[in-house]
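**Student:** Each protein sequence line maps, in turn, to chains A, B and C. At position 307 of the first sequence the residue is numbered 307 (my numbering), and the sequence of numbers has no breaks. So my numbering is basically just the index in the second sequence, starting at one, shifted up by 441. So my numbering is basically just the index in the third sequence, starting at one, shifted up by 566.
No lab work stands behind these hints, which were simulated from the structure alone. Computed from a predicted structure; not experimentally measured. Incorrect hints may appear among the rest.
[To be verified] Only pairs whose alpha carbons sit at most 25 Å apart, straight line, appear in this in silico BS3-like list of lysine-lysine:
id, chain 1, residue 1, chain 2, residue 2
1, C, K933, A, K15
2, C, K858, A, K152
3, A, K412, C, K871
4, A, K152, B, K502
5, C, K727, C, K858
6, C, K933, A, K23
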Amino acid sequence: MAHPYLPHTDADIEKMLGVCGLKSLDDLLSVIPGELRLSRPYKLPEAMSEPEVRRFFESLARKCQPLTCFAGNGFYDHWTPSAILSLIARSEFLTAYTPYQPEISQGTLQYIFEYQTIMSRLTGLPISNASLYDGATATAEAALMMVASARKKNRVLISATVNKAVREVVATYCKYHGASLTEVAEADGVTSRQAISAELAKGDVAGVIVATPNRYGIVEDYTGLADEVHAVKALLAVNCVASTLAILKTPGQWGADIAVGDAQSLGMPLSFGGPYLGFMTATSALMRKIPGRIVGATTDANGQRSFVLTLQAREQHIRREKATSNICSNQGLMALFAAAYTSLVGEKGLQEINRQGAAAVRALVGRLEATGKFSKAFPTRPFLNEVALKTSVNIDELLQRLADNDILGGVKIADDMLLVAATEMQSADDIDRYAAIAAQL
Amino acid sequence: MEKIYYTPTHEYLRVVENDEAYVGITDYAQHALGNVVYVDMPEVGDEFSEGDDFGAIESVKAASDLIIPASGEVIEVNEALTDNPRLINENAMEAWIIKIKLTDPAELDSLMDLDAYNQYVESEQ
Amino acid sequence: MNRQLYSPLIFELSQPGRRGCRIPDNHLPLADDFLAANLLRGEAVNLPEVDEPTLVRHYNNQSTNNFGVDSGFYPLGSCTMKYNPKINEEMAADRRFAALHPCQPDSTVQGALELYYDLQSALSEIGGMAEFTLNPYAGAHGELTGLMIIRAYHNSRGDLKRTRVIIPDSAHGTNPASAAVAGLEVVSVKSYPDGTVDVEALAELLDDTIAAVMMTNPNTLGIFEHNIPRIAKLVHDAGALLYYDGANLNPMLGVARPGDMGFDVMHINLHKTFSTPHGGGGPGAGPVGVRKGLEQFLPNPRVEKLADGSFRRVDNPESMGRISSSLGNYAVAIRALSYILTMGCDGLAAAGRLAILNANYIKERLKDLYLLPIEGICMHEFVFDGLRDKSTGVTTLNVAKRLLDHGYHAPTIYFPLLFHESLMIEPTETESLNIIDNFIDVMRNIAIEASNDPETVKSAPHNTPISHPDDTAAALKPVVTFDQLQRNDS
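Given these sequences and hints, build the entire structure.
**Tutor:** Written out as structure tokens, the structure reads:
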């Protein structure tokens, strides 16, 4: 039976084989040694019709339980405006390749230019690339970029308060690349500045990576850090959560050279881990060191404003092993998502979203503290919409009881420590239900 | 007395005096690259051994490492190229990239002179 | 369409006070000073302020300046621009997958883990491998992961001097770039005149410092590396592993399996062979498979099936490490599994052969006008070295730009680097004979035009929304944000 995505009729095949001077489709395989050819069908199901495919996925979807989400750990449950889902489904965007041919790719190139501008404004740094895979790999790329920029120095410091998964990915990249990575201790939930100073004094540090909000949700104060890092000719990279930059002091304001992080918090569906969006912005001095695609503005032969992929000479397809990175793509469509989201929600909307999350997490913490079984792990530290709690209850049991009631109660980050977060999506009623279950344990 | 030496990777080295020399890329190289858009240059004080990369040169669609023809310390970089890298396209022999103090002038003996370089370029084509 | 009306940037449409989205108010109290002033940015971001209709029209109109697979034929070599089925999108959009937080307990995501396991099993069957990870985000990320797995394998045996990787001169530029990121030194091996890897030259290079040989089969010339069994034996005898770059896997569907060819580690581009959309450059996915005996080196976390039929995520101490935040671009994996089910074993087997047929048919019908440097049956793609008639000075770039005028995307140009005027065509199996015949007619007309009226070809494109953007100016003084653009204008 004809397959819906394979247009060839038997007559077509016969005619085409004739032009090639061949008799059967298998004649095309004559250049492949016989012993290498697959002599049996794949052990896979026969072709399914659309209703059958739906039934298959329905059976899996029934075994998934979306929960009212009080978890963060880098990824947050925000509302996705309907208009965005409609726009990113436009097949002119969805089914396009990387915009190598600018004459027929202005749609993609223009939204990436808009995205770069928005990320530059959010992070307070003048240049941005066209995006990277996720926040963890973006941070790893920052580590390699700092080492490459330093030429002779090969060591990167990373604060222990950076999210665990991010630290692990950075460690993987550094380990195989041959860059030396030192984890700097934390003190009372924040980066130990003494420990950083001691490491910087050794004179071999190419760059420093810190985070805010950090792995405990704490908004760290990096006053003076950039000067200290720059004094030893090292670079400072700050990992941050994109949506929080509407109100928090920016990496640029802290004096950082590089801002990296995940932009999932700009309304992107949680999607069980992806696709998300890694971002990277930097100072102008790093323009030619930044990895990945970059879109630039120019004019065409008629003087029209146009956009092109620029600085391609740094990239893998030209520089091969000398490239700034091996990355060939970006998260194109998710850059459109970020540009459309920030424009729809706007300045005031993004501030409100941050305030709603901050209010909700404070309400939850208040109710949990009232049970007498929970307390803030770092009571004096400032936080935005996420906070680490110490608790005497069995966290696994708590999370299971909450899940049984369709609530994701947070993320266990130590045997006695629970990380809880909130956004505009959790109502007072949701908080009541959470607190009631916690009180019963 | 000026003497100019050439490398198989299309750099030139123009000795001026006191073992000081200008290093740049040849006219043939600039032509092959096309419009130069960026020159990645080292810093004054950097030291390189013969054959080291001392920087890179980029056009729109190509990039090439810069190889130092002979060992030396960078005593000057051509700042004019930062604002206008296309000076190299206009006159590659004038638009030197770095000036170095040679540490081992004897190395120059292994480089090509103009005749040898011209022959080399022809044989490459 | 009227570009003058719709060409503004979103910033130029912004009007203070407009809103495109209402934020829920949960009426929970928050003190004004909930954060100290020194932790706040204290100044506006200056985000665009637009209403929803303005925003939707803005991006809808931008999209009409774009070309996608749904717009027309994309003969882009090595990119496998096949049709992206619509049911895949619908399956991936199901809220019961899309709303899952990656930190949810395993008990609440059994269906999602089963889906991951099903896809990795299907890819293992197609690749002839023991197990796949879906965690890498893209083809290049898969290469990097695969090379790290290879390094973890050698390291686990205390074999620490293997720090070099051999890559053919015809390889994708990503291969050497990935090797460099993975801390490996690149050694290039040349090709025979027929375009396949020079086996004697390879044998010379193999010693106990070689960690791996990276190859793609068919190679970037679209030629099947028929010496692959000999190469695999040489590589394994030297103690190295053989890596398969899955960029060119499409013609192997139903035809041959990398595992059976002797490859130890491979990646697959789901956005190529398994029809997930390219999205203007991403998100894609680059699952990595390994042969039996290497599973323990796969990145963390892995998805494991337990004896009772349930699934869980596990971290393995021997793993090469973590390569992504969680389980990769999960929504892309859903699309790929939907494709595999819709195609079925029979459809997949037909796809490989039809991709090869389409490529050979185009090659045969154009080789009298375009220079075919290597004769013979090709796989899914082939490379011309420009026009046969080069007397008028029309280049591959000119031909590519002229194709845009006729409603086709350009082929891949100036790659591979083995020829001066490379023009690489990959039609994929989803293009009908009607489209292909029309494309051939256009290519033939361009060749004739190049001889008779070369200026028209050299000055192409003529019918596109923009024409001849100034790349040099863009690279000389890069303007990468609207703020820079405004400063330059004022």
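**Student:** Now tell me if each hint is right for this structure.
**Tutor:** Hints versus structure:
Only pairs whose Cα atoms come within 25 Å are accepted, and K933(C) paired with K15(A) is accepted, the gap being roughly 18 Å. Restraint check for K858(C) and K152(A): the C-alpha separation of about 41 Å exceeds 25 Å, so the hint is violated. As the CA atoms of K412(A) and K871(C) are separated by approximately 23 Å, the hinted pair is consistent with the 25 Å bound. The hinted pair formed by K152(A) and K502(B) fails the criterion: a straight-line CA distance of about 28 Å is larger than 25 Å.
The straight-line distance between the Cα atoms of K727(C) and K858(C) is roughly 24 Å, inside the 25 Å bound, and the hint therefore holds. A hinted pair counts as satisfied when its Cα atoms are at most 25 Å apart, and K933(C) with K23(A) qualifies at roughly 20 Å.
Hints 2 and 4, counting from the list given before, are not met by this structure.
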